[in-house]
Amino acid sequence: MTQRSMAFLGLLTLAGCVSTGSVGIITKSSANPSEILSVAHPYREIGPAYAHACRYFALAIIPFGDSALSTAVDEALKTSGGDALLNASVSSSLYGFIPYYNVFAFTCSSVKGTVIRFEPPPQEAAP
Amino acid sequence: MRSTVNGIASVLLAVIVGLGSAACVSTGTLGLVAKSGADPGKLLRDAHSYQDLGPAEGQACRFFLLAIIPFGDSTFSKALDEALKKSGGNALVNVSTSSSLYGFVPIYNILNFTCTTVQGTAIKISDFGP
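In order, the protein sequence lines correspond to chains U and E.
Note that our numbering gives residue 111 to position 111 of the first sequence, counting from 1, and the numbers run on in steps of one.
Note that our numbering gives residue 47 to position 47 of the second sequence, counting from 1, and the numbers run on in steps of one.
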């Protein structure tokens, strides 16, 4: 009975602490946004990618790690060598263990989407 | 004697609060972030004109009470929606994003919360919903 209660409590904590949403496109900070918008960019789909970034908090006084979404995006694009993520699903989670006692807590930002790489713009034909 | 103890306690409290407030934010930057639309790839394939709507900021938080009662939504997309809602834009450029994690009262887990904040320049891209 105690094991079932513990399992239920654990499940409640794990399941109840993630919020998700979606974003159309996310590009790296090195990309020039005005150039991306004002000039047509052919691109190649590389495939799906997933990454997460976490920040930890021990005893509510010792923080470490980086949970910024940009870190997760950089991580997702680093492995594939992409320039942006399309149709990205973003989530943020917050976990704490052992009710009432704050031994350890952490938050994570996750991103999942289709990695794309910009192709060189097509050359105009000479007259 | 009593005032000295109170003074030390105040300094300790300020250090703990300062440490918690200052050390718990991680930041980063992104180039362009657009809301979810029917075909985000169209944004890249075609050239678009856009209108600069000025600086915008949005925040989304998730709370965790006693480590068993979670509520709120701290996703990046929620913060983005919040930032764009006021300006009526559909994308942010030159984005600065941060994620924070706070806990109060060391050892005892009364309340934890995490917030995602986005800051950038709101733009309205033509021919791109929503």
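Note that these hints are calculated values from the structure, not bench results.
Mixed in with the good hints there might be a few duds.
[Stated by the list, open to error] SDA-like mimics (lysine to any residue), calculated; alpha carbons at most 25 Å apart, straight line: (1) E:85 <-> U:87; (2) E:42 <-> U:29; (3) U:78 <-> E:86; (4) U:78 <-> U:97; (5) U:28 <-> E:85; (6) U:28 <-> E:108; (7) U:28 <-> E:121; (8) E:124 <-> E:25; (9) U:78 <-> E:45; (10) U:28 <-> E:69; (11) E:86 <-> E:127; (12) E:42 <-> U:114; (13) U:112 <-> U:101; (14) E:124 <-> U:56; (15) U:78 <-> U:4; (16) U:28 <-> E:49; (17) U:78 <-> U:30; (18) U:28 <-> E:4; (19) U:112 <-> U:61; (20) U:28 <-> E:104; (21) E:42 <-> U:39; (22) E:42 <-> U:117.
[To be verified] Some chain U residues close to chain E (C-beta under 8 Å, calculated; not the full set): (23) 46; (24) 48; (25) 57; (26) 67.
[To be verified] Quick list of simulated restraints, FRET-style, between CB atoms: (27) E:9 <-> U:103: 50 to 60 Å; (28) U:66 <-> E:6: 36 to 46 Å; (29) U:4 <-> E:65: 35 to 45 Å.
Everything numeric in this text was worked out from a predicted model, so none of it was measured.
Each residue gets a CB set at the ideal place from its N, CA and C atoms; glycine is no exception.
A quick look at each hint next to the structure:
no. : hint                      : result
1   : E:85 <-> U:87             : holds, 20 Å
2   : E:42 <-> U:29             : holds, 20 Å
3   : U:78 <-> E:86             : violated, 34 Å
4   : U:78 <-> U:97             : violated, 32 Å
5   : U:28 <-> E:85             : holds, 23 Å
6   : U:28 <-> E:108            : violated, 39 Å
7   : U:28 <-> E:121            : holds, 16 Å
8   : E:124 <-> E:25            : violated, 29 Å
9   : U:78 <-> E:45             : holds, 23 Å
10  : U:28 <-> E:69             : violated, 35 Å
11  : E:86 <-> E:127            : holds, 20 Å
12  : E:42 <-> U:114            : holds, 14 Å
13  : U:112 <-> U:101           : violated, 33 Å
14  : E:124 <-> U:56            : violated, 37 Å
15  : U:78 <-> U:4              : violated, 42 Å
16  : U:28 <-> E:49             : holds, 21 Å
17  : U:78 <-> U:30             : holds, 13 Å
18  : U:28 <-> E:4              : violated, 52 Å
19  : U:112 <-> U:61            : violated, 31 Å
20  : U:28 <-> E:104            : violated, 34 Å
21  : E:42 <-> U:39             : holds, 12 Å
22  : E:42 <-> U:117            : holds, 14 Å
23  : 46                        : violated, 13 Å
24  : 48                        : violated, 15 Å
25  : 57                        : holds, 5 Å
26  : 67                        : holds, 4 Å
27  : E:9 <-> U:103: 50 to 60 Å : violated, 24 Å
28  : U:66 <-> E:6: 36 to 46 Å  : holds, 37 Å
29  : U:4 <-> E:65: 35 to 45 Å  : violated, 24 Å
Consistency with the previously given hints fails for numbers 3, 4, 6, 8, 10, 13, 14, 15, 18, 19, 20, 23, 24, 27 and 29, ordered from lowest to highest.
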